[in-house]
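**Q** Chain A is fixed; fit chain B onto it per the hints.
Protein chains: 2
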Amino acid sequence: MSELLIPRLAIIGVGSIGTSLALALKKAQVVGEVVGCGRSQDNLEVAQQRGAIDRYTLDASEAVQGADVVFLAVPMGSMGAILKQIAPALSETSIVTDGGSSKTSIIQEAEQALRHFNRFVPGHPIAGTERSGAEAGISDLYQDRRVLLTPTPSTDSSATEWVTKMWQAAGATVETMSAEHHDQVLAATSHLPHMLAFGLVDSLARMDDVDEIFRYAAGGFRDFTRIASSDPVMWRDICLNNRDALLDAMQRYVKDVRDIYKAVDEADGDTLLEIFQRAKTTRDKFCN
Amino acid sequence: MSELLIPRLAIIGVGSIGTSLALALKKAQVVGEVVGCGRSQDNLEVAQQRGAIDRYTLDASEAVQGADVVFLAVPMGSMGAILKQIAPALSETSIVTDGGSSKTSIIQEAEQALRHFNRFVPGHPIAGTERSGAEAGISDLYQDRRVLLTPTPSTDSSATEWVTKMWQAAGATVETMSAEHHDQVLAATSHLPHMLAFGLVDSLARMDDVDEIFRYAAGGFRDFTRIASSDPVMWRDICLNNRDALLDAMQRYVKDVRDIYKAVDEADGDTLLEIFQRAKTTRDKFCN
Numbered sequence: 001m002s003e004l005l006i007p008r009l010a011i012i013g014v015g016s017i018g019t020s021l022a023l024a025l026k027k028a029q030v031v032g033e034v035v036g037c038g039r040s041q042d043n044l045e046v047a048q049q050r051g052a053i054d055r056y057t058l059d060a061s062e063a064v065q066g067a068d069v070v071f072l073a074v075p076m077g078s079m080g081a082i083l084k085q086i087a088p089a090l091s092e093t094s095i096v097t098d099g100g101s102s103k104t105s106i107i108q109e110a111e112q113a114l115r116h117f118n119r120f121v122p123g124h125p126i127a128g129t130e131r132s133g134a135e136a137g138i139s140d141l142y143q144d145r146r147v148l149l150t151p152t153p154s155t156d157s158s159a160t161e162w163v164t165k166m167w168q169a170a171g172a173t174v175e176t177m178s179a180e181h182h183d184q185v186l187a188a189t190s191h192l193p194h195m196l197a198f199g200l201v202d203s204l205a206r207m208d209d210v211d212e213i214f215r216y217a218a219g220g221f222r223d224f225t226r227i228a229s230s231d232p233v234m235w236r237d238i239c240l241n242n243r244d245a246l247l248d249a250m251q252r253y254v255k256d257v258r259d260i261y262k263a264v265d266e267a268d269g270d271t272l273l274e275i276f277q278r279a280k281t282t283r284d285k286f287c288n
Numbered sequence: 289m290s291e292l293l294i295p296r297l298a299i300i301g302v303g304s305i306g307t308s309l310a311l312a313l314k315k316a317q318v319v320g321e322v323v324g325c326g327r328s329q330d331n332l333e334v335a336q337q338r339g340a341i342d343r344y345t346l347d348a349s350e351a352v353q354g355a356d357v358v359f360l361a362v363p364m365g366s367m368g369a370i371l372k373q374i375a376p377a378l379s380e381t382s383i384v385t386d387g388g389s390s391k392t393s394i395i396q397e398a399e400q401a402l403r404h405f406n407r408f409v410p411g412h413p414i415a416g417t418e419r420s421g422a423e424a425g426i427s428d429l430y431q432d433r434r435v436l437l438t439p440t441p442s443t444d445s446s447a448t449e450w451v452t453k454m455w456q457a458a459g460a461t462v463e464t465m466s467a468e469h470h471d472q473v474l475a476a477t478s479h480l481p482h483m484l485a486f487g488l489v490d491s492l493a494r495m496d497d498v499d500e501i502f503r504y505a506a507g508g509f510r511d512f513t514r515i516a517s518s519d520p521v522m523w524r525d526i527c528l529n530n531r532d533a534l535l536d537a538m539q540r541y542v543k544d545v546r547d548i549y550k551a552v553d554e555a556d557g558d559t560l561l562e563i564f565q566r567a568k569t570t571r572d573k574f575c576n
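For the protein sequence lines, the chains are A and B, in the order given.
Per my numbering, the very first residue in the first sequence carries number 1; after that it's consecutive.
Per my numbering, the very first residue in the second sequence carries number 289; after that it's consecutive.
The shape of chain A in the complex, shown without the other chains (with noise of 0.2 angstroms):
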């Protein structure tokens, strides 16, 4: 007789990123009873369809009860609030963990709301769509990609490795790393990025031919582009979460974008091909 990795996960927040982790983990068979958590009953009621969830509840506090881990996949916005709602209900052995996009503001959330801080385990699972809700959740998202966990010197070494071991088995690689790190190399690759479409769309937006604009647009445009259609509400609050890495992350593209402008304007060709090429290089060693 085998027994569960966890006997009962308690889901809260039932998006794209919560229905894909339950899918997996019922999928690996190594899951019990997932009770699900969320605002809205008509999603919920979706992922119970799906087969991500057993049973929902609209009640943080009674989702978390006798729940062996307690996975936070709500916006970065909501963390702190939910943290404080499920505090009182949480058993001294149950593990805490979360999806969230940046890790030091969440980390001095959970220390203020927390009894048991020390079986709290930051985490992120570097996955997603640009799409929402538990339609959107699929077994596979996390196969093959990076889980980051961002333990503190507080965390038991036995609750991270129990994580380590759920998003193993939902398909993941598991890597730990400092919060502070982990946010500095997130604003790099992903919130920057973010801020870049988001910039450059709502730029052309308000330009008096938007419709003409677009209508030139060819496929590298779309591809650029396609991470502006990301959820606005979940954007604010990562921004609003990693704010000092984020801006100098923004802090130093600006810069460099700035050296481009005076290149271009200089008819600087020597700079401007070794920035490409450079830039060409790197992409093509990483990204193919």
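Just so you know, these hints were derived from the structure itself, not from any lab.
It should be emphasised that the depicted structure is a prediction, and the values quoted were computed from it without experimental measurement.
Hints may contain errors.
Said to hold, decoys possible - When the alpha-carbon atoms are kept at most 20 angstroms apart in a straight line, the in silico PhoX-like pairs for lysine-lysine are as follows:
{"#": "1", "chain 1": "A", "residue 1": "262", "chain 2": "B", "residue 2": "543"}
{"#": "2", "chain 1": "B", "residue 1": "315", "chain 2": "B", "residue 2": "453"}
{"#": "3", "chain 1": "B", "residue 1": "543", "chain 2": "A", "residue 2": "255"}
{"#": "4", "chain 1": "B", "residue 1": "315", "chain 2": "A", "residue 2": "255"}
**A** Just chain B, lined up with the frame of chain A:
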């Protein structure tokens, strides 16, 4: 007995743009002999083996002799030199057209170089690929894509009509606009995004932990930076040939990014949400 639209076509530059046009016109059976010209004999051999061109020469002035239509598909930086080189060999009935990404600069070069400037029809197919060379040419590259022609007040309307028919035979939709307007629109939708993608990848490439940074980059980053794998020489030339419009677009963009920076800095969630929502709505409307 049907008369061919173009009994003899000269393609100067048999990269993906030139090769694709030749393949499309051959497939549509509207072209007789296609003469290719380029600097690399190996590449010309590939174009010939693929059936895009019937014969080739390394001498552009030889290539255009007796040609009804001459299509220039070399990087923008080589257009001026090629125009000067072919000018003496062109017959007064030859139509010259091009596929360059910026239009005001080549019009100036053509006006200086060509005796029969009224037979020059500036053009730009909004299509392409990050891949280069005759090997990358495909017969349906222009299918259902737009081609913008930017005739000047002195351009023969019959020449414009001929070039329109040529692109339509290749499957494209043809529209005309002024060269200035073209350059502004393309600066916004193509040239600016390329600068931003090259700039981002180069910015990250120069960081200490570049390997790690790219290791944690997700799918959105790959999409966003795909255009940074484009040909550096081609893009240097585009920058130098569409300087004014590109500088305008970059200036406007940096200002808009500064507004986002300010909103992040001031933790102004309402402004961020407004920008992100407008961007998402616009992109979803035009790109889906």
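**Q** Each hint should be assessed against the structure and marked as holding or not.
**A** Status of the hints after comparison with the structure:
| no. | hint | verdict |
| --- | --- | --- |
| 1 | 262/A with 543/B | holds, 16 angstroms |
| 2 | 315/B with 453/B | holds, 15 angstroms |
| 3 | 543/B with 255/A | holds, 13 angstroms |
| 4 | 315/B with 255/A | violated, 49 angstroms |
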